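Asker: What follows is the residue order along each chain.
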Amino acid sequence: MIPPFQALALSILLMGIGILGVLIRRNLIFILLSFEIILNAINLALVSFSQLHGNLDGQVIAVFIIAIAACEAALGLAIAVFMFRTVLSIRTDKINLLKG
Amino acid sequence: MTTLISAILFLPLLASILITLLTRPFKKISATISIAALAASFLISLYVFYITGTAPAKLEWQWSLPWLELGGLKLEWGYLLTPVSLVMLPLVTGIGTLIFIFSLGYMQNDKGWSRFFSAFSFFAFSMLGIVLANNFFQLFVFWELVGFSSYLLIAFWFEKDSAAEAGKKAFLVNKVGDIFFLAGILLLWYVSSAEPASRTLNFLGLTAGLSQAGASSAMLNLIGFCLLIGVIGKSAQFPLHIWLPDAMEGPTPVSALIHSATMVAAGAYLLVRTYFLFEMLPLVLWTIGLIGVFTAVFASLIATTQDDIKRILAYSTIAQLGFMILAVGCGGPAQAIFHLITHACFKSLMFLAAGAVIHILATQDIWKMGGLVKKMPVIAFLFLIGALALSGLFPLSGFFSKDAILELALTHNKLFFTLGLIAEFLTAFYTGRLFTVAFLGNRSHETHRNPLVITLPVAILAIISIVAGFLPVQNFLSAHAAHTNFILSLGVNLLALAGLALAFLLYRNCTTSDPLASRLGLIQTVIKNKFYIDEIFDLMIVKLQNVWCSLLNYFEKLAVFGISERAPERLADKLGQVVRVMQSGSLAFYALCFIAGLTLLILMEWFR
Chain A
1 MIPPFQALAL
11 SILLMGIGIL
21 GVLIRRNLIF
31 ILLSFEIILN
41 AINLALVSFS
51 QLHGNLDGQV
61 IAVFIIAIAA
71 CEAALGLAIA
81 VFMFRTVLSI
91 RTDKINLLKG
Chain B
1 MTTLISAILF
11 LPLLASILIT
21 LLTRPFKKIS
31 ATISIAALAA
41 SFLISLYVFY
51 ITGTAPAKLE
61 WQWSLPWLEL
71 GGLKLEWGYL
81 LTPVSLVMLP
91 LVTGIGTLIF
101 IFSLGYMQND
111 KGWSRFFSAF
121 SFFAFSMLGI
131 VLANNFFQLF
141 VFWELVGFSS
151 YLLIAFWFEK
161 DSAAEAGKKA
171 FLVNKVGDIF
181 FLAGILLLWY
191 VSSAEPASRT
201 LNFLGLTAGL
211 SQAGASSAML
221 NLIGFCLLIG
231 VIGKSAQFPL
241 HIWLPDAMEG
251 PTPVSALIHS
261 ATMVAAGAYL
271 LVRTYFLFEM
281 LPLVLWTIGL
291 IGVFTAVFAS
301 LIATTQDDIK
311 RILAYSTIAQ
321 LGFMILAVGC
331 GGPAQAIFHL
341 ITHACFKSLM
351 FLAAGAVIHI
361 LATQDIWKMG
371 GLVKKMPVIA
381 FLFLIGALAL
391 SGLFPLSGFF
401 SKDAILELAL
411 THNKLFFTLG
421 LIAEFLTAFY
431 TGRLFTVAFL
441 GNRSHETHRN
451 PLVITLPVAI
461 LAIISIVAGF
471 LPVQNFLSAH
481 AAHTNFILSL
491 GVNLLALAGL
501 ALAFLLYRNC
511 TTSDPLASRL
521 GLIQTVIKNK
531 FYIDEIFDLM
541 IVKLQNVWCS
551 LLNYFEKLAV
561 FGISERAPER
571 LADKLGQVVR
581 VMQSGSLAFY
591 ALCFIAGLTL
601 LILMEWFR
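From first to last, the protein sequence lines are chains A and B.
Okay, so the first sequence: first residue is 1 according to my numbering, each after it adds one.
Okay, so the second sequence: first residue is 1 according to my numbering, each after it adds one.
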């Protein structure tokens, strides 16, 4: 068994990487990717909590999150496709139509 | 009796309303209604004259209907018949009817035919209202209505800029007088009685009660001056005379009725109606006389240099009104009314005859006329009668009335008398000049005969001008008998003849321009430009006003606008700029805000 402390530490690290990625990256695909990393970090944390508590609650939530992540990824990619058709680029700094 | 008087007053109004609402496209019906109404008023006023025959000098018939009462202010609607108004009624309606008939011919092809008759009838209604009013308020209402009718009629051919401007000018200058008039009326109401409950604006009430009301002499003088300014405005005395020459832009029948016979005489009528007040104020009376005689000389002088036949007659009217006002100033309201009556006759005669000439020749410049005595002998002869009456030659009517005034001035104030004589000489001079240049001479023109509707009224007026002098008007109007000073009469006649002869000799052979123009040079230019009074007013009022308005405009933009509109505008702008930073349009920034907010929430939860 992996010691829970290490799993949680990894989870925090992954979360950090993911958040930084979302904030810093300009390529839309990479932002979506980073977002998936965040979700996976959350999954990891939930599973190690489940191990700590000795019941399956955390794992149940993790399964939910996997399903939701899949849907959200589909939606995100659909938006990315529409954005590309409009702006003809996948760089987020090209989307500034709402700049006031 | 009340119904008769109401009929006299309201028939023309009814005609005016009917024409405006119903018969505008039907020219013959409009004219018939209009003339019939005024003729009916004339016949009724003759009848009224007949039935009040006994002891006319003591006549004081009043009918009154209380109209509005607001805490002490009692307004009424009523009629007052005194000898003066009794005499004015047939004058206004009779001369009005003749001029209406004249208009049938003069306004023949005008497309504003119905509008003309409607406005003219409305004017008749307003003028009769002034004559019949029994209190100051009603008089003032009709005073304003007369000014309004005058505006409608002066600016009758409103497509012409000069006519529209003239109408505006007449109305505005009248308004200056009217404001002072109203102030005078209000002050008079205030001091009319010692107890507030019995204050009144009624003429008879004031005649009886004003002397006991205990008003201070200063206040009464002030009221007198205010009323005088109203008269100056309406009767075109100096310095508010500027509107009358411009008012000649209106059709000639309008000039004949309104601006020589009736409306401008309303000022003199007011002075006579309110003479009970002026009797008590010698200073105001002296001012009245001074303004009257000064205007007479002033306007006569200008009339000697004008080239437009109607302008000459307009200045002549101003001068004769000056005579009427002079008469009041010298304590002779009866003489003033006498002159008003004779002047109405011969001046409208001259205007109508001039109108006949203008109708045929289509010009108003006397230097383009000439030799008309050959082509239009009837009109020329009738005009001559009017001209001689104006100059005051025996036995025409003008002589009697003018002689009465000069006689009054002789005993009253030597300065006024001398100036009056000068004005009389100038009157004869410019009249002679007008007749010589316009009618005598050898020119030939293309003319056709005037229709009977034009010639007949002129002829009737000429007959009246001849006989009116013999009417015992003065005895009718006042208790004093009129005495005659034969030496003075002879002297005045000789003076008039001298003026006419001088004009005849000077202008006999001139056909194109005024010989005096070159001889007198600068003086002639100044007089011809009406002493630049119009330009002075323009400078004072228009230009100064423009400067003041630009100043106010700048101030308004700066302060008022700045505080009420620009400041909130700038505030909203600055606030917006602050908030605008949040709308950066960059996705990463939005994500940062998201995450930062979320973190903050978690921390808050953790530290609780």
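In short, the hints are calculated from the structure, not lab data.
Because the structure is a prediction, the values reported are computed rather than measured.
Check before you lean on any hint, since a few could be wrong.
Stated by the list, open to error - Some chain B residues well away from chain A (every beta-carbon gap over 12 Å; in silico):
| hint | residue |
| --- | --- |
| 1 | Ile-51 |
| 2 | Glu-60 |
| 3 | Glu-144 |
| 4 | Ser-211 |
| 5 | Ala-501 |
| 6 | Leu-522 |
What the hints assert, rightly or not - Pairwise CB distance ranges (calculated):
| hint | chain 1 | residue 1 | chain 2 | residue 2 | range |
| --- | --- | --- | --- | --- | --- |
| 7 | B | Val-578 | A | Asp-57 | 41 to 49 Å |
| 8 | B | Leu-575 | A | Asn-55 | 48 to 56 Å |
| 9 | B | Met-604 | A | Ile-12 | 48 to 56 Å |
| 10 | A | Gln-59 | B | Gln-583 | 49 to 57 Å |
Yeah, the Cβ is synthetic: ideal placement off N, Cα and C, and Gly gets one too.
Asker: Give a verdict on every hint.
Answerer: Here is what the structure says about each hint:
{"no.": "1", "hint": "Ile-51", "verdict": "holds, 90 Å"}
{"no.": "2", "hint": "Glu-60", "verdict": "holds, 85 Å"}
{"no.": "3", "hint": "Glu-144", "verdict": "holds, 60 Å"}
{"no.": "4", "hint": "Ser-211", "verdict": "holds, 82 Å"}
{"no.": "5", "hint": "Ala-501", "verdict": "holds, 94 Å"}
{"no.": "6", "hint": "Leu-522", "verdict": "holds, 74 Å"}
{"no.": "7", "hint": "Val-578(B) <-> Asp-57(A): 41 to 49 Å", "verdict": "holds, 47 Å"}
{"no.": "8", "hint": "Leu-575(B) <-> Asn-55(A): 48 to 56 Å", "verdict": "holds, 54 Å"}
{"no.": "9", "hint": "Met-604(B) <-> Ile-12(A): 48 to 56 Å", "verdict": "violated, 20 Å"}
{"no.": "10", "hint": "Gln-59(A) <-> Gln-583(B): 49 to 57 Å", "verdict": "violated, 43 Å"}
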